[in-house]
Amino acid sequence: MARKLPRKDVVIIGLGWTGSIIANELCDEGLDVVALERGPWRDTATDFNIGYAPDELRYNSRQELMLRPAQTTVTARNNAGQTALPMRQYGSFHPGNGVGGAGVHWAGITWRFSPADFRLRSHYTERYGAQAIPEDMTIQDWGLTYEDMEPYYDRFEYLAGVSGKAGNLNGRMQEGGNPFEGARKREYPNPPMMQTFGPTLFAETAAKMGYKPFPIPSSLLSRTYTNPLGVTMGQCTFCGFCTNYGCANYSKASAQTTVLPVLMRKPNFELRTLCEVLKVNLDSAGRKATGVTYVDTSGDEFEQPADLVILCAFMLDNVRLMLLSGIGKPYDVRTGTGVVGRNFCYQMANQVVGFFDPAKYNFNNFIGGGATGMAIDELNNDNFDHGPLGFLGGGSTRCAPIGAEPISKRPTPPGSPTWGSGWKKAMRDSYLSNLSVGCEASSYANRGNFLDLDPTYTDRLGRPLMRITFDFPENDVKMSAYVTSKVAEIVRAMGAQQIVEYPRTGPWSTVPYQSTHVVGGTAMGADPSTSVVNPYLQSWDVPNVFTVGANVFPQNSGFNPTGTVGALAFRAADAIRGRYLKSPGPLVHA
Amino acid sequence: MTRIRLAIAAAALLATASSTVHSSARADDQDFALIERGRYVATAADCVACHSLPDGKPYAGGSALQTPFGTLVAPNITPDRETGIGNWTEEDLRRTLREGIGRGGKRLYPAMPYPAYTRMTDDDIRALWTYLRTLEPVSNAVEANQLPFPFNIRLLMAGWNLLNFEPEAFRPDPRKPAEWNRGAYLVQALGHCGTCHTPKTMLGADDTDRALQGANLQAWYAPPITADKRQGIGGWTADQLAAYLKTGANHQSLASGPMAEEIRNSSSKMTDADLKAIATYLLDRTPPDGKAPTALAADDGRMRTGGAVYTDTCMACHGGDGKGQTFLFPTLAGSGVVQADDPTTLIRLVLDGSRAAATNDRPTGPAMPPLGWRLNDADVAAVVTYIRNSWSNAAPPVSADDVAKVRRALAQAN
Chain U
1 MARKLPRKDV
11 VIIGLGWTGS
21 IIANELCDEG
31 LDVVALERGP
41 WRDTATDFNI
51 GYAPDELRYN
61 SRQELMLRPA
71 QTTVTARNNA
81 GQTALPMRQY
91 GSFHPGNGVG
101 GAGVHWAGIT
111 WRFSPADFRL
121 RSHYTERYGA
131 QAIPEDMTIQ
141 DWGLTYEDME
151 PYYDRFEYLA
161 GVSGKAGNLN
171 GRMQEGGNPF
181 EGARKREYPN
191 PPMMQTFGPT
201 LFAETAAKMG
211 YKPFPIPSSL
221 LSRTYTNPLG
231 VTMGQCTFCG
241 FCTNYGCANY
251 SKASAQTTVL
261 PVLMRKPNFE
271 LRTLCEVLKV
281 NLDSAGRKAT
291 GVTYVDTSGD
301 EFEQPADLVI
311 LCAFMLDNVR
321 LMLLSGIGKP
331 YDVRTGTGVV
341 GRNFCYQMAN
351 QVVGFFDPAK
361 YNFNNFIGGG
371 ATGMAIDELN
381 NDNFDHGPLG
391 FLGGGSTRCA
401 PIGAEPISKR
411 PTPPGSPTWG
421 SGWKKAMRDS
431 YLSNLSVGCE
441 ASSYANRGNF
451 LDLDPTYTDR
461 LGRPLMRITF
471 DFPENDVKMS
481 AYVTSKVAEI
491 VRAMGAQQIV
501 EYPRTGPWST
511 VPYQSTHVVG
521 GTAMGADPST
531 SVVNPYLQSW
541 DVPNVFTVGA
551 NVFPQNSGFN
561 PTGTVGALAF
571 RAADAIRGRY
581 LKSPGPLVHA
Chain A
591 MTRIRLAIAA
601 AALLATASST
611 VHSSARADDQ
621 DFALIERGRY
631 VATAADCVAC
641 HSLPDGKPYA
651 GGSALQTPFG
661 TLVAPNITPD
671 RETGIGNWTE
681 EDLRRTLREG
691 IGRGGKRLYP
701 AMPYPAYTRM
711 TDDDIRALWT
721 YLRTLEPVSN
731 AVEANQLPFP
741 FNIRLLMAGW
751 NLLNFEPEAF
761 RPDPRKPAEW
771 NRGAYLVQAL
781 GHCGTCHTPK
791 TMLGADDTDR
801 ALQGANLQAW
811 YAPPITADKR
821 QGIGGWTADQ
831 LAAYLKTGAN
841 HQSLASGPMA
851 EEIRNSSSKM
861 TDADLKAIAT
871 YLLDRTPPDG
881 KAPTALAADD
891 GRMRTGGAVY
901 TDTCMACHGG
911 DGKGQTFLFP
921 TLAGSGVVQA
931 DDPTTLIRLV
941 LDGSRAAATN
951 DRPTGPAMPP
961 LGWRLNDADV
971 AAVVTYIRNS
981 WSNAAPPVSA
991 DDVAKVRRAL
1001 AQAN
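Same order as they appear, the protein sequences are chains U and A. Mapping of the first sequence onto my numbering: position 455 corresponds to residue 455, and the numbering continues sequentially without gaps. Each position in the second sequence, counted from 1, maps to that position plus 590 in my numbering.
If you are wondering where the hints come from, they were derived from the structure by calculation, not from laboratory data. Here the structure is a predicted model, which is why all the values come from computation and not from measurement. Each residue gets a CB set at the ideal place from its N, CA and C atoms; glycine is no exception. Keep in mind that a hint or two might mislead.
[Stated by the list, open to error] Just a sample of chain A residues kept apart from chain U, beta carbon distances all over 12 Å, derived:
hint: 1; residue: Ala623
hint: 2; residue: Thr661
hint: 3; residue: Ile691
hint: 4; residue: Arg697
hint: 5; residue: Thr724
hint: 6; residue: Pro757
hint: 7; residue: Glu769
hint: 8; residue: Gly794
hint: 9; residue: Ala828
hint: 10; residue: Ala839
hint: 11; residue: Arg894
hint: 12; residue: Thr916
hint: 13; residue: Ala948
hint: 14; residue: Arg964
[As the list claims (entries may be wrong)] With beta-carbon atoms standing in for the labels, derived distance ranges:
hint: 15; chain 1: A; residue 1: Ala898; chain 2: U; residue 2: Ser416; range: 31 to 37 Å
hint: 16; chain 1: U; residue 1: Ser298; chain 2: A; residue 2: Ala639; range: 30 to 36 Å
hint: 17; chain 1: A; residue 1: Asp902; chain 2: U; residue 2: Met209; range: 40 to 46 Å
hint: 18; chain 1: U; residue 1: Pro584; chain 2: A; residue 2: Arg684; range: 28 to 34 Å
hint: 19; chain 1: U; residue 1: Pro267; chain 2: A; residue 2: Glu672; range: 45 to 51 Å
hint: 20; chain 1: U; residue 1: Gln351; chain 2: A; residue 2: Ser653; range: 53 to 59 Å
hint: 21; chain 1: U; residue 1: Pro191; chain 2: A; residue 2: Ala639; range: 41 to 47 Å
hint: 22; chain 1: U; residue 1: Gly462; chain 2: A; residue 2: Asn1004; range: 39 to 45 Å
hint: 23; chain 1: A; residue 1: Ala623; chain 2: U; residue 2: Thr293; range: 46 to 52 Å
hint: 24; chain 1: U; residue 1: Met209; chain 2: A; residue 2: Ala984; range: 54 to 60 Å
hint: 25; chain 1: U; residue 1: Tyr128; chain 2: A; residue 2: Asp902; range: 54 to 60 Å
hint: 26; chain 1: U; residue 1: Val511; chain 2: A; residue 2: Lys913; range: 56 to 62 Å
hint: 27; chain 1: A; residue 1: Ser989; chain 2: U; residue 2: Ser408; range: 39 to 45 Å
hint: 28; chain 1: U; residue 1: Val511; chain 2: A; residue 2: Ala984; range: 56 to 62 Å
Working from the sequences, and respecting the hints, build out all of it.
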C-alpha cells in the first residue's frame, strides 16, 4: 500500500539534462517542484575526483555511471517473428543512472538539426516525389519548424557554453562554419576548440577535395565561461576521458556543471534520489494524471500527487512509463495503428580507420576529447542529391580523436598477428599513427521497428521489460555503405597506407557499443494518429503529462541528439510557463 | 525562514494596529524597521553560525564547538521560556554581550565572542534584542558547558576576564572618514573577524598586538587580513575584497572552509556599502615588518619532485602558470594562502580538499578534490613547497613532518 504524500505542483521523473532544465524553469515560475531520480546523487565535487575520474577500468570497462541490468534492462530482437531475449549486459547503448543521467557520460557534441529534419517527409516529397519514400518508411514531420526551435537551441547552447563557429548568421554565410546549418541569430557563446594534428590534416584534405570543413560544436569548453544562470565552467584540457566518464575539470556541460548549482539552491525545489517511479497515476477516466507512484530503496511505496507530471527519464524509460501507465494507444505492428512505441529509431554509426606510416605520422592520440575535431556536412541528411542513389539520409562526418584509453584502444591494421610479439609490434607501430573518421548517420523510421512491453520478462519489481524490435532498414544500410565509401576517399587522400571501412551493416546486434542515440517511441507531431505528444511535448491523451527526451523524435537525423533534446526541454518549459499554466488543458486541439 | 517572515509580517501588522491605541516614550518594540535592523545585526554578527545546527532550526542551539579547553555548545537563543531566552530582559542580553555575564550572573566562556561584541552600540543591541524576540520559540534544551573540570567552573572566567578582558565601547577614530570607522566597527564588533584571524595567547585570548595577522585553528590557518601583500590580502583592491565577501569569489580566490560558512551566513547578505567599509578598514591595517624569504631555486630537489607532482595532479585546473581559472580554480601565483608562513590551510586543501562557497551571485561552488589518499606526505610536502616557490611566490619549504601533523589533525577532526 503506497503512502500518500502531500501534493506538489509538479513532479519530474528523472533529473538529467531535461529534468534539470525544466525543473529550473518551473521553479522560476514559482511552482513547487519535486524531482524523483532512480539513481544516486552525483556531483563533480564528490564523484569526479581528478585522481580517479579517468579510471578506465572503473568507468569504461565496468560502467560505473551506467544503469545496471539488474535494476532494469530491455529485451531485444530483430523482428516480430523472433522471441526477444533480455540484454544481460548493456552493450549497444548505455543508459545513464543517477543525477545528470546520460548527460554525465556523454561526449559533448552539440548539433542543431537541419531545417529539413523538422519537416522530413514533406521535404523529401517535395524534392523527390512521394514515390521516393519507401512504403514501410514511416518518417514524418515534427509538427514544428527549425525557426520555432531556433530560440531554444540558442538557450541550450548558451546554457552549455557550446564552443563552435557559426556557418549561417541570420542568413549570411560565415567562413569557417557549417554552410548547411539553419540560420542562427547569434554566434556560439564560445570560440571553437583548438584542433590537434589529426583533425587539422582531415580538414586540409577535405577542403582540397571541395568540402567545407568546420569545427565540431562542442560542449567541452574552449575557455572559462559563466553561463546565463551564473554558473562557471572551465576550459577543457583535452585529457581524453569524456565518453563514459564524468568530467573532473568542470569543462563538459552537464546538468551538474550548468543548472544544478542554481536549481539545488531553490527553496521550491526538492530532489529525492534512489526513488524509482513505477507508474503515472490517472483518474478513473484516464484523462488526467493525479501524480505518480514510486518506490524507494527500502521497497516502500509512495504516492506523490501532483498537478503536472513530466517524464524526463532516459527515452526508453519514458516510453515504458507511458505504456505501463496506459497513456496513449500502444502501437500494433500488425495493423500499423496505435502510436506509443512506434517509430523507434537508432543511429547508423559508420567509421573508417586509416593506418599511416609510423615514421611520418604521429597523431598523438592521447590528446583528445569527446567533441574536439573537425567535421564536414556534405554527406549529411539531404545535403547531396539522393535522386540517383536509391536511398535517403546521410550523416555528419567528423574526425574527432576522443583520446587513447589504455585498456580499450587496441589499433592494429588488418593482417596483424592477434597475439604475441607480432601483435605487440603492430600495436606499437600503429598506436600513434592511426586515425579514425566517423560518420554518425540518420536512422529512418520503419513500420517493423518498435517498442512494446515484453510478454515474458519482468524487472525486479515485477513490471514487464521494454521490448525492442529493431533492425537496420535496407535504406539505412545502403546509405551507410555510400557515406562510408565517401569518407574512405578522404582518409585515402589524407595519406593513409591502409584503410579499413566499417559501414554499419545488419543485423543490429546488442553487443558492441554503437551509440546511446536511441530515439523515438513517443513521437511528437501535429497529427494524433501518428504522434503521442503534440509539438509542445504534451500528451494528446492526458494533457497534464509532458515528456521530454529523444523519445519524441519521429526519426533520427545524422546528428547527435543532445542539442535538440536540450532545446526541446526549453521549448516545453516555455509552453508550460507561457501557455499551459494560464489555462491548463490541451495546448493544441487536433 | 517562511515562519520567521510570517512572524515579522505579523509583527508589522500588530505594530500598525497597536500604534493607534497607545503611545510610549520608547520606540515601538514591534517597529518593522527596528526588527529588520536587528535581523541585519544578527546577520552581520553571524549569530546563526554557532547557535544553529546545520539542518536545525535557526538560533535553537548549535553543534559542539571544540576548544583547546574542551567542548562548548552555543545555547538556544529563541524566546522559548524553558530552554531559550524567553525569560530574559533586554538588559540581560546587553550584559551578556558587553560583559560576558549572562542572566543570573552566569559567566560566559569567550567562545562566545563577547570580547568583540563588547563594542556593540546600544542601538544595535536593542535592535538585535527586538529581532530575537520575534523568532519562533523552539523548545530545545542545550547543555552549553561540557568542559572538563576545572574549566567547567564558570567562576574561573572572572579571573580570565580580569587578565584578558575589559568591557569597552567602540571608539571611532575621529581622524578617519566615516566609512573607515564603520568598517572598524563591523570588523571589531559585529563581524568579530579577530576570533579567527587574530593569534591567541596561551590563555586563549586575542593577542591584540598582532590583531588580524593570521591564526591557526581547527586545522585551518586563517590568513592575515591586513595590507600584507605576500601573505595577506594587501594585493587586492577594496572592490575585489568586497566582491570576495559578497560572492565568495573574486579575480584570484575562492572562499572555502570556515570562511565559506561565514560568507554564506553573513557577509553575502550584508550591504555593499558595509562590505566596502570593511575592505577600506582592513586594507588600511599595516602588516608587521618582515622580509620576504627568497624563493627556492628551481633545481632544488624538492622543487623538481614538486613540479612533477604538480604537472600530474594540479596543472589541469590551476594551469602551468599557476593562474587557475577565474571563479573556478584559484590563482596560486601571488596567493596569500599559498605563501603564508603557516602552511596548514594549503596542506589541508591538498590532503582533504574543500568546497568553495556557493552564493546567489556565484552559485557554482566548485571543489578542490581530496588527494591525500593518493599522495604520501613527502609528495604533498614537495608539491606544496613547489607551489609556494613558483611564479614569483616565495615561502619557506614544507616538510613531510609538517604534512603528517596536518594529516593527524584532520584525522582527529573528522
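Against the structure, the hints come out as follows:
1. Ala623: holds, 26 Å
2. Thr661: About 29 Å separates threonine 661/A from the closest Cβ of chain U, which puts it past 12 Å; holds.
3. Ile691: holds, 39 Å
4. Arg697: At roughly 40 Å from the nearest Cβ of chain U, arginine 697/A sits farther out than 12 Å, so the non-interface label holds.
5. Thr724: Threonine 724/A is indeed farther than 12 Å from all Cβ atoms of chain U, at 20 Å.
6. Pro757: It holds; proline 757/A is separated from chain U by about 41 Å at its closest Cβ, greater than 12 Å.
7. Glu769: Given a closest Cβ separation of 29 Å, the condition holds.
8. Gly794: holds, 34 Å
9. Ala828: For alanine 828/A, whose nearest Cβ neighbour in chain U is about 23 Å away, the distance exceeds 12 Å, so it holds.
10. Ala839: violated, 8 Å
11. Arg894: holds, 22 Å
12. Thr916: Non-interface label fails for threonine 916/A: nearest chain U Cβ at 6 Å, not farther than 12 Å.
13. Ala948: Label violated. Min Cβ-Cβ 6 Å, cutoff 12 Å.
14. Arg964: violated, 5 Å
15. Ala898/A <-> Ser416/U: 31 to 37 Å: Since the Cβ atoms of alanine 898/A and serine 416/U sit about 35 Å apart, the hinted range of 31 to 37 Å holds.
16. Ser298/U <-> Ala639/A: 30 to 36 Å: Holds - the Cβ-Cβ distance for serine 298/U and alanine 639/A, about 35 Å, lies within 30 to 36 Å.
17. Asp902/A <-> Met209/U: 40 to 46 Å: holds, 41 Å
18. Pro584/U <-> Arg684/A: 28 to 34 Å: violated, 56 Å
19. Pro267/U <-> Glu672/A: 45 to 51 Å: Since the Cβ atoms of proline 267/U and glutamate 672/A sit about 30 Å apart, the hinted range of 45 to 51 Å is violated.
20. Gln351/U <-> Ser653/A: 53 to 59 Å: holds, 57 Å
21. Pro191/U <-> Ala639/A: 41 to 47 Å: Holds: the Cβ-Cβ distance is about 43 Å, inside 41 to 47 Å.
22. Gly462/U <-> Asn1004/A: 39 to 45 Å: 42 Å Cβ-Cβ, so the 39 to 45 Å window holds.
23. Ala623/A <-> Thr293/U: 46 to 52 Å: holds, 50 Å
24. Met209/U <-> Ala984/A: 54 to 60 Å: Taking Cβ atoms as reference, methionine 209/U and alanine 984/A lie about 56 Å apart, which means the hint holds.
25. Tyr128/U <-> Asp902/A: 54 to 60 Å: Holds, since tyrosine 128/U and aspartate 902/A (Cβ atoms, about 57 Å apart) stay within the stated range.
26. Val511/U <-> Lys913/A: 56 to 62 Å: violated, 47 Å
27. Ser989/A <-> Ser408/U: 39 to 45 Å: holds, 42 Å
28. Val511/U <-> Ala984/A: 56 to 62 Å: For alanine 984/A against valine 511/U, whose Cβ atoms are near 59 Å apart, the range 56 to 62 Å holds.
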